[in-house]
Structures are given as C-alpha cells and as structure tokens.
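Chemist: Can you build the whole structure from these sequences, using the hints too?
Chains as they are written, first to last, in our numbering: chain A, 1 to 529; chain B, 1 to 118.
Mixed in with the good hints there might be a few duds.
Said to hold, decoys possible - Simulated DEER-style distance windows between Cβ atoms: (1) Ser79(B) to Thr5(A): 51 to 61 Å; (2) Glu100(B) to Lys314(A): 34 to 44 Å; (3) Ala74(A) to Ser36(B): 47 to 57 Å; (4) Asn206(A) to Arg116(B): 50 to 60 Å; (5) Arg116(B) to Thr237(A): 52 to 62 Å; (6) Leu134(A) to Leu108(B): 55 to 65 Å; (7) Ala74(A) to Ser79(B): 32 to 42 Å; (8) Arg35(B) to Ala74(A): 24 to 34 Å.
Since the hints were made in silico from the structure, they are not lab data. Note that beta-carbon positions come from the ideal geometry of N, C-alpha and C, so glycine has one too.
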Amino acid sequence: MMDKTININISGTLFQIDEEAFRILRDYLLAINNRFRNVQGGLETIEDIESRIAEIFQSQKGLAGVITKENVEAMIAIIGKPEDFDHGDYEAVPPPYTSQKKRMYRNPEDKIISGVSSGIGAYLNTDPVIFRVLFVLFTVFFGTGFLLYIILWIALPEAKSDSQKREMYGDNFHSARSQNLSTDKINNVNGSVNTPSYSSSSSVGNAFNEIFRAIGRVCYIILRIFLIIIGVSLVLTGFLAILSFVLVFIFHYPGTFSTHEFGTNFVYIPDFLNYIVTPSAAPWIIALTTIAFILPMLALIYWGVKMIFWFRAKDGVVSLAGFVIWVLSVAALSIILFNEGISFAETGKISSEKIFTHTPDTLYIKAGKKVSDLKFDKELSLTHEAYTVFINEEKKEIYIRPHLNVNNFWDNVVKVEVRKRSTGRTQFEAMKKAEGLSYNFDITGDTLILDEYFEIPSGRKWSADNVSIDLSIPVGTILKLDSASENLLHAYSGYDNDDNTFSPGWEYRNRIWTLTDEGIKPLSTHSSK
Amino acid sequence: MKRKLIKLHIMDLENNKAQMRKGILEYCILSVLSRSSCYASDIIKELKEAEVIVVEGTLYPLLTRQKNAGLLSYRWEESQQGPPRKYYELTEEGRNYLAELDKSWQGLVDSVNQIRTR
Numbered sequence: 001m002m003d004k005t006i007n008i009n010i011s012g013t014l015f016q017i018d019e020e021a022f023r024i025l026r027d028y029l030l031a032i033n034n035r036f037r038n039v040q041g042g043l044e045t046i047e048d049i050e051s052r053i054a055e056i057f058q059s060q061k062g063l064a065g066v067i068t069k070e071n072v073e074a075m076i077a078i079i080g081k082p083e084d085f086d087h088g089d090y091e092a093v094p095p096p097y098t099s100q101k102k103r104m105y106r107n108p109e110d111k112i113i114s115g116v117s118s119g120i121g122a123y124l125n126t127d128p129v130i131f132r133v134l135f136v137l138f139t140v141f142f143g144t145g146f147l148l149y150i151i152l153w154i155a156l157p158e159a160k161s162d163s164q165k166r167e168m169y170g171d172n173f174h175s176a177r178s179q180n181l182s183t184d185k186i187n188n189v190n191g192s193v194n195t196p197s198y199s200s201s202s203s204v205g206n207a208f209n210e211i212f213r214a215i216g217r218v219c220y221i222i223l224r225i226f227l228i229i230i231g232v233s234l235v236l237t238g239f240l241a242i243l244s245f246v247l248v249f250i251f252h253y254p255g256t257f258s259t260h261e262f263g264t265n266f267v268y269i270p271d272f273l274n275y276i277v278t279p280s281a282a283p284w285i286i287a288l289t290t291i292a293f294i295l296p297m298l299a300l301i302y303w304g305v306k307m308i309f310w311f312r313a314k315d316g317v318v319s320l321a322g323f324v325i326w327v328l329s330v331a332a333l334s335i336i337l338f339n340e341g342i343s344f345a346e347t348g349k350i351s352s353e354k355i356f357t358h359t360p361d362t363l364y365i366k367a368g369k370k371v372s373d374l375k376f377d378k379e380l381s382l383t384h385e386a387y388t389v390f391i392n393e394e395k396k397e398i399y400i401r402p403h404l405n406v407n408n409f410w411d412n413v414v415k416v417e418v419r420k421r422s423t424g425r426t427q428f429e430a431m432k433k434a435e436g437l438s439y440n441f442d443i444t445g446d447t448l449i450l451d452e453y454f455e456i457p458s459g460r461k462w463s464a465d466n467v468s469i470d471l472s473i474p475v476g477t478i479l480k481l482d483s484a485s486e487n488l489l490h491a492y493s494g495y496d497n498d499d500n501t502f503s504p505g506w507e508y509r510n511r512i513w514t515l516t517d518e519g520i521k522p523l524s525t526h527s528s529k
Numbered sequence: 001m002k003r004k005l006i007k008l009h010i011m012d013l014e015n016n017k018a019q020m021r022k023g024i025l026e027y028c029i030l031s032v033l034s035r036s037s038c039y040a041s042d043i044i045k046e047l048k049e050a051e052v053i054v055v056e057g058t059l060y061p062l063l064t065r066q067k068n069a070g071l072l073s074y075r076w077e078e079s080q081q082g083p084p085r086k087y088y089e090l091t092e093e094g095r096n097y098l099a100e101l102d103k104s105w106q107g108l109v110d111s112v113n114q115i116r117t118r
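Modeler: Dropping the structure here:
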C-alpha cells in the first residue's frame, strides 16, 4: 500500500514527498513567503531558507526516500515558524495573547465627526456607513440620533494607544491591520496617501461617505460653536459661584448672609457657627461645606474649558478622585449636621415664680445686669422672634436678651414667672442645660429687678436657649421701667395692634406703661427723647 | 472592511525586547564571522549553543540585511552533500562597523554595570 507521492523541487534539488507532508510543507512555505515577501531583501531570505530546507531534507533522507510528515515537522522545528522569528523588520511582534477582549472606542483613524460610527463599526465588525445613516435618520425623530451621538461621543474614549486599537478591533485587529498595511502599500505606489482608499467598498458606500464627510464638517463646526457657548457659560457660572463663596466666607463680605433689620447687624455664618454647633465640629463643617461647594464649581469650570478648547485629557482618575472626595464630604457633612441636629431634638423647661406680697398700684421694673455694661463683639437680632444675642468672643460667652410678657391676671395679685428653656439630645440633658442658664430676678417692695440678659455657661454651645418672663398684673396697674428693662418690653411681641398707632421700636421711649384690657399701652405719648 | 491606513507606533515592551535582541543578534553574527569565515549553518550552530537564537529562521533575514548593508559578503561553495552553500565573510566595512559595535557594547556594559552596582 503506497501513499501517493509528489515530486517537488526545492532550491534546485528534487525530492519525493508524500501527500500529507506536502500539505504541511506547502503551508509552511506559504507562511514563510507571506512573512518575507514585503520585506526588503525578503526574496533572498526566502531563497536562503528554502536552501536550508533542502539541506535538512538531504541530511535526513539523502536524495532517495520519501519525505514524510515527520521529516517536515523536524525541519520546521529546526528552522522555526515565521512567528517564532523573534524580531521586527518593520512591524512589531504580534502580541503574546491571541484572544482580545473587545471594547468600544471612537476610531480616530476613520472619522467624520468624532469616530463614533467608525468605532461602533469596528466593534460590531460592520461597515460604519450603516451607523452614519442611522444617526442621521434618527436625528429626524426628535433629535434622538443627535442626542445619542453626543452621549456616545462623550462616553466613548478615543482609541489612542495601540493596545486600545487592538481592543477596538478585537480579534480582527491583525486582519484589519494587515489589510491596512497592504492598503498603505497601494497608496504609497499611487502617491496618494492622504486620499482614503476604500478598495473593497461599494460605490454607494463611497458616495455616502463623501456626503457624510461634507455634512460632518458642517455639523462639527456648528457643534463646536454650540459647545464653546456652553463652555463659556459653565466657566462663568463656576467662576462667579466660587468668587461669591470666597467673598462671603473668606473676606467676610456682607450682604448674602446678613440681616438688615436695623441696618446694623451683619450675620456672618462662620462666626456664629462656633456657638451653634459643637465647637470642635465647626471647622469641619466649614471645610466640608467648602469642599462640597467648590469641587462641583471647579468641575464646571474644567468642563467649560474642555468644551471651549476641545481637548481630551487623561483626567479619569482625577475626576473619579474628585467625585469620591465630593461624595465623602457631602456624606461626612450630612452625618455631622445630623449629629448636630440631634442635639436640638428634645426640649427641657424649668420655671420658677415669685409673687409680690402686696399688690402695688405702680410697679417699678429695674434692670439688674445690663447689656450696656456688657463687653461683646457681636450682636445678632432676630426681631421677629424678639431675640437678641450678644457674643463675647474672648470669653466665648453668649448673652441673650429675653422677653418680658405682661399679662392680665384675674386675681388681684402680681406674679412673676420665669421659664427657662433649652434643647438637648435627651430631655434630661435639655433640662440640665436649662438649669444652667443664669438669669436673676428679684422683688424688693414695689420693685421688680430683672436682668436684661441671661447667660449661657462659658464654652457651652447655643441650644436654642430661651428665657421668658411672664409678668401677671391686674388691669390698670402702672408700670415704670428704666431704659434697660424697657428693652425687655420692646422685645415684647405679643402686643398686637391693628391700627398701628403703636409699635414697639427703638424710637419709642416712654418708660411709663399701663395694662389695659387690650394689653399694655404707653401711659403718655410723650417721648422721653 | 474598509479602513484608512493605520500608522503603527508600537512602543510596547515586546517590541523593545525584540529590538534589543535583534541588535545583539546582529552583533553576535558579526563577532562569529570576525574569527573566521563560515557557512550559515556554522553561525547558527554557534548562536544556538550560546542560546542567542532558538530557531534558524531568525538568522536568515539578518544575514540578508547585513549583506545588503555591505557588512558581509558571501561566495558560493560547492557542497558534497547537496546544493552549493553560501560562505560568509566580513567585508572591510563590516570589520570597521564591528569595531565600533565593540566599543559601544563595552561602553554600554560599563554604564549598566556602573549603575547596577551602585
């Protein structure tokens, strides 16, 4: 039983070879040929290798005998396969891995606007013209195509490096590449490297491509103008926001966070923050607020600049880091603020009262401790709440002017009730705090002595503390106040007058009041000014 | 599949290694030939022993290139066992080139050693 043998001529020497070995040898020679055909001096190399093949076959079999599969494989093991010739003549060694993970990129090699269609084409191994047509077609439907295109443009990275191009083409990379290389050759011969060559494309595809190229340029210009406008507005917005933030928070520029009730009080939030929240938390709150606010603004400016100058930067890591920092700041801020908020959750009240031993016709009210004797750095008035806060920065003390309510007491008795109120995490804590508020009042004969302010213990933060003084007197009793104690009355907000003949205000200095059925009223309209 | 030509700028490690090995290989070929003229198979034998190459196919394109660059010349020698074989030798230019390579190689080795032993 003889296999069919073939006579072949290798490098001038005749050999007999069996059919199976011939097939392997033929493929091998073809591979060698492909490998060196396009290399300078490649034909000579091919000859040398063929000559060496002949030599090996001769040393194995002599001139007689049939070359078998084993002979051929032994020969290939000696000379090696083309892919084992580990050096580059003008192209690189193929990557060590053969199977590529595939990713979608924008293809910078074949683009009309940004290479989105071409990238999808490479990903799906299809003609990009199809996607160009689809994008234009779907733009007719409420601009969905246009929108999708922009989204993809932003979302898809450009395949810049070679490894990205490999990922873009996936397993077709080498075929795409070799095709391109041969195209390269053709182009070089024709001397028209710049003209895109679509050797295998249909004429319809070509026409489409030309049309889309023209439309693409116009679209591109319009889009660029559009993006520049958006970019400029983003930059301006971000810049102005940061500027105002810096002005308010760093240069204490008044205006934004101030109240102008009497044209004197400017509330500068960071100053008061120390007294509202746990002092150790205040710097954190300010820092985190700054980050939470500034970061998005910086991002806005950066996006704007990017849109204006239209560059792509390797900013993925920075952006991600920025985003993570921002999220963490916001989360931390929320936790801190929540924690601070809890400390206002429960309210505790303590009240004490004193009753005059006899009921005077004229009641004198004098101030004990007076605000005018206080040293304070900041004053904050919440007139609607009848609440004025004085802060001594050095001693870290807070003084608050309480309000005095004068009510009708049906019994013929004069009674003073002082209610202290604080908030805290628990009711017990709130009670403790309320107890800690220092406020003195006393009765001597016909005189009621009231402190003009109450004091929060030094170092303790503000906990919505309040003291209210309820003075109950029979109707018709005359009240004579000194100027400091009248301030307490000015804070009186229970007085409601429809015809506006009287409204408590700084201008009004009467000091003699009386209680009527409708509430207290100045006894004479003469101003003491 | 229609794509514009791709200009490849591959600067990855594999390529660097290949380039380096190719440079060294060319240097080795010239060094072998500097001792005596010989057949391709002699060069191959020596390079294989030194484990500079694994397969013979690597050598042939390099020989062709060096010959075309004027560093080598060959003459045909009859062989008793088969077809005539190329018998390679260094040209004058090749010797000068090798001398330059020797110098730069020594320089490189010194530099690398200096850095590595510091």
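Chemist: Output the indices of the hints that this structure fails to meet, ascending.
Modeler: Violated hints: 1, 3, 7; rest satisfied.
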